[in-house]
Amino acid sequence: MVQEVSHPFSSYLRSAMIPHIWCSGCGNGIVLNCFIHALEELQRDLDKLVVVSGIGCIGRTAGYANADSFHTTHGRAIAFATGVKLANPELEVVVISGDGDLFAIGGNHFIHAARRNIGVKVICANNFNYGMTGGQQGPTTPLEASTTTTPYGNIEHPFNLVHLAAAAGATYVARWTTLHVRRLTQSIKRMLQKEGFCFVEVISPCPEIFGRRNKMRTGLEMMEWFRRASSVENFSDPSKAEITSKRILVGEFVNVEKVSYERLLHEKIGQINEKKIVW
Amino acid sequence: MTKKRALLAGAHFMNGDVACAEGAIAAGCRFFAGYPITPATEIAEHLSERMPEFGGIYIQMEDEIGSMAAVIGASYAGLKAMTATSGPGFSLMQENIGLAAMTETPCVIVDIMRGGPSTGQPTLPGQQDVMQAKWGSHGDYGIIALSPSSVQEMFNLTIEAFNLSETYRVPTLLMGDEIVGHMWEKVVIPPASEIETVNRKKPHVPPDKYAPFMPDDDLVPPMACFGEGYRFHATGLTHDEHGYPKTQSSEVQSKLVRRLCEKINKNEDRIVKVEEIMLEDADIAVISYGIVARSALSAVRKARETGIKAGLLRLITLWPFPEKRVKKLARKTKAIVVPEMNCGQMVREVERAAKETPVAFLSKLGEDPHRPKEILEVMRRSA
Ligand SMILES: Cc1ncc(C[n+]2csc(CCOP(=O)(O)OP(=O)(O)O)c2C)c(N)n1
Ligand code: SF4
Ligand SMILES: [Mg+2]
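Chains as they are written, first to last, in our numbering: chain A, 1 to 279; chain B, 1 to 383.
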């Protein structure tokens, strides 16, 4: 008898949206895969999950997750997610988006969400460029890298995202590459169990565009770079974790307890209604 | 957790911004996100105090782009949601107003108009954003915009704006101005039993049959919210009834965008509200809206005293434009006068609908609205 075989995680994917649009060798699938593994290991109720993305290649992730999902305008995923989380704090709200989306056009929303400590969980696929629009320079493009808009080499200093997130007030900050699938999955799990604003950066290959222009034409070559350059070090100083061609420091950088915005807000609402507060 | 009263039924003396905030509360708004800007700030300030009294959410975002995004998020999470701003912030909101139109998000945007362009005149009234209300975001889409002329209407029309946005799943704009926003007048807030509120229609099929953008006969799709088990997807990309991106299909694009326009235009008769004063036998009609309409009314009364058969058509709904009413009026009047606090915006729509009937435009910029005698003067010349 022929039995229909389906992938054990197919229930986590919106099958009508598959096949995905990503190139072969792209790291975005690994990011989605690790996210799904984390959900599975935590046995999370998909009915209470909202996945939000901005615009970009990785921004298509929201559409692939079999949960409530929203694909916002470019850069606005975190601001949208803020509205969702405040309106219904029982929902798990996860933003999965790109380096350009979250840190160029959406940078202001990122730092303010981290400062407020709103309980939104952010995963950034950092591929060092704007994949979707054909590989332009972005806020994480390394110095001297070639992109379609830095044909003579990039002269802008890139953001060190883990330092930025830590300084802005995130309660959990980690960086992994798509090579570190197990640790990345554990890290996502940890973040999903925390209160407040959490951030996981995933260094992700874009061989089709970034790699091609920077002497790493395949996903494998990019992964080899990650293996050569990365070293795991937990709770090291995020300000010293700049990414260079020779060094990609990965690990957890921040893991602290801090009351979330939504908890403070609802406590306040409770107090106001219990008694008239006299200042 | 609702010890404080959400609805302050009774007679009050308040300014227009506060009346708008109270109207939102009465309509069932439980989420406000905004960013301070004159002359709309009092709406935010008032809601920051009132919302927590009955479990509503107030948040000051980092800018108006974020405010508009948060409002869409809150609406999809099931709350009636609003933001309030003025010209510069209204400009920043436009991209996400387009997202709200595309994702059919019920929400209310209040624009208390001041003089523009750019930072312009923060403390003076204007009517310069009324075309932006219709065309501000790129692409074609239907929108509803209302124009209050009094503090009472700041209350009433805010409720109306929520009801329309929930009925048609469309961002609805309340286009006030600095004077109606800051002026103090008497406002009567009726008891809850006399306030009609509308809630978005919910899906009438189970989750596995639900297509989030499949319209009913009224062209409006029922709306599930996050966390209700429907597990749906919404996107600003051109999408089919399931919410899935179909960016290469002219058929899907055409069907979707035409429906977004038609669900408003085809319901013009149900949506449009105007006030008709002394128009039955009028030879000359003033078409006016907002604070200017109060001057216009006084001009019409004065004209009648001097024997000119004048009347007033006050546009309460700006968008969809009350085209049928204006056409009908143009057929039976000899001339139309349109005073506006801009360089000529709604007058273009009036001219388009009026066809052969001459239309005189009276512009005012940078100060108080037109004086009645200025409008009267133009009426005399047109009569
Ligand atoms: C307001 C606006 N500006 C520009 C664009 C064009 N655009 C689409 S995706 C993108 C960059 C995405 O880069 P990133 O977030 O790094 O995602 P990636 O494609 O690399 O995964 C840009 C600039 C847009 N959609 N909207
Ligand atoms: S362009 Fe780059 S980021 Fe986009 S799908 Fe292809 S490999 Fe991935
Ligand atoms: Mg990128």
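By construction, these hints were calculated from the structure, which means they are not laboratory data.
These figures come from a predicted structure and were not determined experimentally.
There could be a bad hint or two in this list.
[As the list claims (entries may be wrong)] Here chain B is said to cover these stretches of chain A; the calculated rule only asks that three of the stretch's residues, wherever they fall, bring their Cβ under 8 Å from a Cβ of chain B:
hint: 1; stretch: 87-101
hint: 2; stretch: 142-151
hint: 3; stretch: 232-246
[Stated by the list, open to error] Straight line, CA to CA, 25 Å or less: simulated SDA-like cross-link-like pairs of lysine to any residue:
hint: 4; chain 1: B; residue 1: Lys202; chain 2: A; residue 2: Asp47
hint: 5; chain 1: A; residue 1: Lys189; chain 2: A; residue 2: Lys268
hint: 6; chain 1: A; residue 1: Lys268; chain 2: B; residue 2: Ser382
hint: 7; chain 1: A; residue 1: Lys268; chain 2: B; residue 2: Gly55
hint: 8; chain 1: A; residue 1: Lys48; chain 2: B; residue 2: Glu196
hint: 9; chain 1: B; residue 1: Lys202; chain 2: A; residue 2: His74
hint: 10; chain 1: B; residue 1: Lys255; chain 2: A; residue 2: Met17
hint: 11; chain 1: A; residue 1: Lys48; chain 2: B; residue 2: Lys255
hint: 12; chain 1: B; residue 1: Lys246; chain 2: A; residue 2: Cys23
hint: 13; chain 1: A; residue 1: Lys268; chain 2: B; residue 2: Gly78
hint: 14; chain 1: B; residue 1: Lys246; chain 2: A; residue 2: Asn66
hint: 15; chain 1: A; residue 1: Lys189; chain 2: B; residue 2: Arg352
hint: 16; chain 1: B; residue 1: Lys246; chain 2: A; residue 2: Met17
Think of the CB as a built atom: it goes at the ideal place given N, C-alpha and C, for glycine as much as any other residue.
Structure-based check of all given hints:
1. 87-101: holds (count 4)
2. 142-151: That given contact is violated, which follows from only 0 residues of the stretch 142-151 of chain A lying within Cβ reach (below 8 Å) of chain B.
3. 232-246: violated (count 0)
4. B:Lys202 - A:Asp47: Holds. B:Lys202 to A:Asp47 sits at ~17 Å (cutoff 25 Å).
5. A:Lys189 - A:Lys268: violated, 29 Å
6. A:Lys268 - B:Ser382: Not satisfied, since the Cα-Cα distance of roughly 61 Å exceeds 25 Å.
7. A:Lys268 - B:Gly55: holds, 10 Å
8. A:Lys48 - B:Glu196: Cα-Cα ~32 Å, so violated.
9. B:Lys202 - A:His74: violated, 29 Å
10. B:Lys255 - A:Met17: holds, 20 Å
11. A:Lys48 - B:Lys255: violated, 32 Å
12. B:Lys246 - A:Cys23: The given pair, whose Cα atoms are some 19 Å apart, holds under the 25 Å limit.
13. A:Lys268 - B:Gly78: holds, 22 Å
14. B:Lys246 - A:Asn66: Holds - the C-alpha atoms of A:Asn66 and B:Lys246 are around 18 Å apart, at most 25 Å.
15. A:Lys189 - B:Arg352: violated, 61 Å
16. B:Lys246 - A:Met17: Status holds; Cα separation ~10 Å.
This entry does not satisfy hints 2, 3, 5, 6, 8, 9, 11 and 15, going by the numbered hints stated previously.
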